[in-house]
Amino acid sequence: MALHKQTQTPTSFRTFWLLIALIGAAFAVRLYGIENQSLWFDEGWSAFAASRPTLLATIDADSTNPPLYYLLLNSFTRLSGDSVLSLRWFSLALGVLAVPLAFQLGRRTFDDSVGRYAAMLTAFSPLLWWASQEARMYTLLAVIVLIAALAWHELLRGHQSKRVWLALWVAELALHYAHNTGPIAALWLNAATLCAWLIRRNIQRPNWRLWIVGQIGIFLLWLPYLLTRFVLLVGANSALVRRPQFDMEFLSRLWQAFWAGPWEMVGREGALNVLSVVLFVLAVSGILATLIRARHVAPLQKRWTVGWFVLHVALLIGGVVVGLSLLGNELHGRYLVMAAPLLLVLIGAGIASLPALLRYATAGVFVGSFALAVILAQNPLYQHDDVRGMVQHYADTLSADDT
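Reminder that position 176 of the sequence shown reads as 1629 in the numbering used here, one-by-one numbering, no gaps.
Errors might be hidden in some of the hints.
Stated by the list, open to error - Okay, the calculated beta carbon distance ranges per label pair:
id, residue 1, residue 2, range
1, 1814, 1509, 48 to 56 Å
2, 1783, 1674, 25 to 33 Å
3, 1477, 1536, 20 to 28 Å
4, 1497, 1851, 18 to 26 Å
5, 1486, 1821, 18 to 26 Å
Source of the hints: derived by calculation from the structure; they are not laboratory data.
For glycine and all other residues, C-beta sits at the position ideal for the given N, C-alpha and C.
Work out the full structure: start from the sequences and follow the hints.
Following this line, the structure appears as structure tokens:
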């Protein structure tokens, strides 16, 4: 027993400090240039909600989005102020929190090695970096999805304590009230659970009674928003209907969105276009290596884990695309942020299954692609319009007579 502790402690010690370093790096890269861009239209709604004097006024600040993010941001800015940095700091903090959560998900479902690579990919994810610098709710969605996935996999393994069930239910309800794509995540959880029951021929993991009761409770708690706002979204978007066109170009843009950062960069930088193909080949190769390795050395439960994550990613991304079509919204990278951590855990599992030299080289390519995306994103063509400059210009040049 003593020998076992001696051999495990150094590894755990290194993992701990590596995770601390990744969290620090994630914080640094997300903080870099966070104030450079002006607030833009959508962030204006966040600033407006953050400035409301009461929580009730905050709930009513934006009739086209659920109130959870606005309530949290309003509470946060009461302490930190409502500067551009303060408004975006909340998203940054959530983006950093995704790193240890991705580590935990990778570690609990696979092993420590997968957890480390999942944390690394999350820390250096162009899409999560971009979302962490926006005063919007997308990093909140990513964090909640990670919590829901952690709880769901615990239930799947038979750890059905009250704490785990409560974590799942709170996360699922929070998804409904964090963004209008939240119900898609609920459909993902229910579809994955149905698959688990059918494949395993066991409706006790997760327990079917508790599952159904929980889903009914969540639906009833979401019902007020469904009836008063959600059903009106199609009408609200009627003037802006640009449904996705499903073709190879669409699939290419969908994949590139995870590695480009700003959506405006997707398909417009030759280097990133080529690099996204390389990343796709590396990701698929790693996932196939994971499946092959699991077939020979992993217990049955671990073999299924790879399949579960493929299912998670497919259901979430597919659900987002279908949901956007129904609502009349065109595809944008921001809607993929909540699926990004699960994709990164899956890719992390693939990298961890590769031979040592290839593993490090692959990790280096992903980190290098992040650096390239950040550098290219500094081009003003891919940044928001300078609303701050326009407002200052009007303030300096207009007078009461100009009205």
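Tell me if the beta carbons of residue 1814 and residue 1509 are separated by a distance inside 48 to 56 Å. Cβ of residue 1814 to Cβ of residue 1509: about 55 Å, so the range 48 to 56 Å holds.
Evaluate the given range 25 to 33 Å for the C-beta pair formed by residue 1783 and residue 1674. 30 Å, holds
Is the hinted range of 18 to 26 Å satisfied by the C-beta distance from residue 1497 to residue 1851? Distance hint for residue 1497, residue 1851 holds at roughly 20 Å.
If you check the beta carbons of residue 1477 and residue 1536, does the distance land in 20 to 28 Å? 24 Å, holds
Taking 18 to 26 Å as the hint, is the beta-carbon distance of residue 1486 and residue 1821 inside that range? 19 Å, holds
In summary, this structure violates none of the numbered hints.
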